[in-house]
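Participant: Numbering-wise (the UniProt record's numbering), the sequence shown opens with residue 1 and increments by one.
Rather than coming from a laboratory, the hints here were simulated on the basis of the structure.
Even glycine gets a Cβ: it sits at the ideal position worked out from N, Cα and C.
Be aware that one or more of the hints could be misleading.
To be verified - Simulated restraints, written as ranges between beta carbons of each label pair:
1. V101 to G10: 36 to 44 Å
2. R183 to E27: 44 to 52 Å
3. R238 to D54: 32 to 40 Å
4. K124 to R183: 22 to 30 Å
To be verified - Derived DSS-like pairs: lysine-lysine, alpha-carbon spacing no greater than 30 Å straight-line:
5. K245 to K15
6. K113 to K63
7. K13 to K176
8. K124 to K176
9. K247 to K13
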Amino acid sequence: TCSLFCSPKGFPKLKNDTFLRAARGEETEHTPVWCMRQAGRYLPEFRETRASQDFFATCRSPKLCCELTLQPLRRFPLDAAIIFSDILVVPQALGMEIVMVPGQGPTFTEPLKEVEDLLKLRQKVDVTAELGYVFQAITLTRHSLEGKVPLIGFSGAPWTLMSYMIEGGGSTTMAKAKSWLYRHPEASHRLLRLLADVIIDYLVGQVAAGAQALQLFESHAGHLGPELFEDFALPYIRDIAQAVKSKLKEEAL
1 TCSLFCSPKG FPKLKNDTFL RAARGEETEH TPVWCMRQAG RYLPEFRETR
51 ASQDFFATCR SPKLCCELTL QPLRRFPLDA AIIFSDILVV PQALGMEIVM
101 VPGQGPTFTE PLKEVEDLLK LRQKVDVTAE LGYVFQAITL TRHSLEGKVP
151 LIGFSGAPWT LMSYMIEGGG STTMAKAKSW LYRHPEASHR LLRLLADVII
201 DYLVGQVAAG AQALQLFESH AGHLGPELFE DFALPYIRDI AQAVKSKLKE
251 EAL
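Work out the full structure, taking the sequences as your base and the hints as a guide.
Facilitator: As structure tokens, this is what we get:
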């Protein structure tokens, strides 16, 4: 198991840094390509691998995550790999139970309904203990890529994760989650702060494990108007970006 700030040595030299150079705003010979859901159901080998066990059990298997991450690179001349995982591993690390319901998607067995439900969440999360399987998958995949392309790590952003935790799954309106912002603004900020703190350590741990770039997915930002976004989403995104950069510098990562 990779501890939070370990930096595994001996990674193969990167051969294609086009994606990383583009991310830094540098000139590149071509526009680097990678795809959302790059490892996904459009691949028959993905469906075959996934059929062997439950979705979240797959997420907890470094070997399977590595295999699923590599599959699209065997077919297409992509410029980056993104680790196979799921944004909902963060609510799981906080103690919430999620099951994958066929035809419905991820479903929380006990979504947050009242402010008092926040007390059921872990207030201090040891990310290595709870999410070490992701770090192991990243390290294994980084070696298995043999320097072909860089490896991207990721997390969901606080508002997006909060909305899942309150809605109990997917939603077209996010009405319950948005209602929290109006009815319980202080509790909403407490939850968003808790999520942000976990995400910061989680992302730093991914870099320590071998991730060469990070993405923060605020997938549900479009459900917020400008004022709600300014109050409940943007400050935490900025804080995560600044804190992760600061911690990476402190740890020389």
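Participant: Looking back at the numbered hints, which does the structure fail to meet, lowest number first?
Facilitator: Hints 6 and 7 not satisfied by this model.
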